[in-house]
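Listed below are the residues making up each chain.
2 protein chains.
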Amino acid sequence: MNVVLMVSEGQTEALGVGEEYLAKQSLGWVVTQYKMAIDRMPKVGEKVTVATRATSYNRYFAFREFWLTDATGKECVHVDSIWVVMDRNTRKMISIPEDVIAPFDAEVVKMIPRLGRPMRLAADEQLMEKQYRVRYFDIDQNGHVNNAHYFDWLLDALPMSFLSRHRLVALNIRFENEVQYHNDVISQAALVTDNQEPIITKHRIKMPDGEVATEAECHWQPVAKQI
Amino acid sequence: MNVVLMVSEGQTEALGVGEEYLAKQSLGWVVTQYKMAIDRMPKVGEKVTVATRATSYNRYFAFREFWLTDATGKECVHVDSIWVVMDRNTRKMISIPEDVIAPFDAEVVKMIPRLGRPMRLAADEQLMEKQYRVRYFDIDQNGHVNNAHYFDWLLDALPMSFLSRHRLVALNIRFENEVQYHNDVISQAALVTDNQEPIITKHRIKMPDGEVATEAECHWQPVAKQI
Numbered sequence: 001m002n003v004v005l006m007v008s009e010g011q012t013e014a015l016g017v018g019e020e021y022l023a024k025q026s027l028g029w030v031v032t033q034y035k036m037a038i039d040r041m042p043k044v045g046e047k048v049t050v051a052t053r054a055t056s057y058n059r060y061f062a063f064r065e066f067w068l069t070d071a072t073g074k075e076c077v078h079v080d081s082i083w084v085v086m087d088r089n090t091r092k093m094i095s096i097p098e099d100v101i102a103p104f105d106a107e108v109v110k111m112i113p114r115l116g117r118p119m120r121l122a123a124d125e126q127l128m129e130k131q132y133r134v135r136y137f138d139i140d141q142n143g144h145v146n147n148a149h150y151f152d153w154l155l156d157a158l159p160m161s162f163l164s165r166h167r168l169v170a171l172n173i174r175f176e177n178e179v180q181y182h183n184d185v186i187s188q189a190a191l192v193t194d195n196q197e198p199i200i201t202k203h204r205i206k207m208p209d210g211e212v213a214t215e216a217e218c219h220w221q222p223v224a225k226q227i
Numbered sequence: 001m002n003v004v005l006m007v008s009e010g011q012t013e014a015l016g017v018g019e020e021y022l023a024k025q026s027l028g029w030v031v032t033q034y035k036m037a038i039d040r041m042p043k044v045g046e047k048v049t050v051a052t053r054a055t056s057y058n059r060y061f062a063f064r065e066f067w068l069t070d071a072t073g074k075e076c077v078h079v080d081s082i083w084v085v086m087d088r089n090t091r092k093m094i095s096i097p098e099d100v101i102a103p104f105d106a107e108v109v110k111m112i113p114r115l116g117r118p119m120r121l122a123a124d125e126q127l128m129e130k131q132y133r134v135r136y137f138d139i140d141q142n143g144h145v146n147n148a149h150y151f152d153w154l155l156d157a158l159p160m161s162f163l164s165r166h167r168l169v170a171l172n173i174r175f176e177n178e179v180q181y182h183n184d185v186i187s188q189a190a191l192v193t194d195n196q197e198p199i200i201t202k203h204r205i206k207m208p209d210g211e212v213a214t215e216a217e218c219h220w221q222p223v224a225k226q227i
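Protein chains in written order, with the UniProt record's numbering: chain A, 1 to 227; chain B, 1 to 227.
These are calculated hints, taken from the structure and not from any lab test.
Note that the structure is a prediction, hence the values are computed from the model and not measured.
Any given hint might turn out to be false.
Any copy, or any two copies together, can satisfy a pair, since identical chains are not distinguished.
Below are the SDA-like pairs computed for lysine to any residue, each with C-alpha atoms no more than 25 Å apart in a straight line [to be verified]:
no.	residue 1	residue 2
1	LYS24	ASN147
2	LYS35	ASP80
3	LYS43	GLY28
4	LYS202	ASP138
5	LYS24	ARG165
6	LYS74	MET1
7	LYS43	VAL77
Pulled out of the complex, with its shape left as it was, chain A reads as follows (with noise of 0.2 Å):
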């Protein structure tokens, strides 16, 4: 994830509208939802190719594709994602300005496809339970987690002789509220079945006060065991 998201700052510096050039405006865009389909995660030291393309967009939200390659140019990964601009002194999103989305010659839609609500866990669920604080190495240069510590705190709710013998196919994760540095999140997951597959487990990541940052549903296929 962390690589992904470096293609799609390097395009947005690329096209002039980089971090930089909307932190002028006060201004930030902001990922709401990743939807991945993984057909195989990438072997070490194996050469693959990350692409981005800002798809479509309508008033307030813009579609953003990933796809991760290998060296025969099959697909190993894809990424669905939806973005919003922030106003960095409210907090809040506001419509996405032209100046800031024009470059990418990115289709203008009345609808950008749906991603679909990742499953949400029922009040009285067999939780699975672990608590993290954020940590000064979770936090990018503006403050905010990186996101890609999120799907630890997610994926580490799940016990190790699950982890270890299941392989992600596909997650679906929506953001709802930042984390802050220092703040202790729980992590909490369900597993809805096991006896067909795909297998799926239900996340959700709560706030201190209750609130919840994020959900997410996972996907898995059992595999050898691996550790």
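Fit chain B to the supplied structure of chain A, relying on the hints for placement.
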């Protein structure tokens, strides 16, 4: 550190004595100490070269160097390290087998360079401390905690106000005892002095039973506030 370690793994494999070769004999290389000098950290997007050399060894210890250079050939980071060979069955250090070390053409020496012991936290010292639990994604395929995570634990014990105003220029870290999955570790730190340069912090990672896993000493230089 992840990239640096991949370079030495690449070398051991290229010489036919990689992890797989050692694993067949139930052996493994284990690092006991790193001493890093950081002239400057690479920038985002910068192309750097990481090189390594198995410099010298004696019966029990191998001395390996790493250096990271920029496009002009200038060295940005230099790492000295000391390694031993462990028998995976007994978890004990053994004398370095000839077949494992010969391909590196390293110099046989009586004494490998001493990297010095990190300054030690005193019993009565005013400590900053934070607790961490080893996460699933902290461990490698052998079930060991990836070295890079020790650095996170060590440095995150310092307050944000310090970390955001200082730049790490040197680090001496000694690994004493292995941390296992799901251990709780306590990362302790103390400021030696902040009225002279370099500013020095002393660090210790303790296991649940009080045993010391790691000791480290960090040198810092003040920088303009970054965050």
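Okay, the hints, checked on the actual structure:
no.	hint	result
1	LYS24 to ASN147	within (23 Å within a copy, 39 Å between copies)
2	LYS35 to ASP80	within (5 Å within a copy, 43 Å between copies)
3	LYS43 to GLY28	between (33 Å within a copy, 22 Å between copies)
4	LYS202 to ASP138	both (23 Å within a copy, 22 Å between copies)
5	LYS24 to ARG165	between (47 Å within a copy, 23 Å between copies)
6	LYS74 to MET1	within (19 Å within a copy, 30 Å between copies)
7	LYS43 to VAL77	within (13 Å within a copy, 27 Å between copies)
Comparing the model with each numbered hint stated earlier shows that all of them hold.
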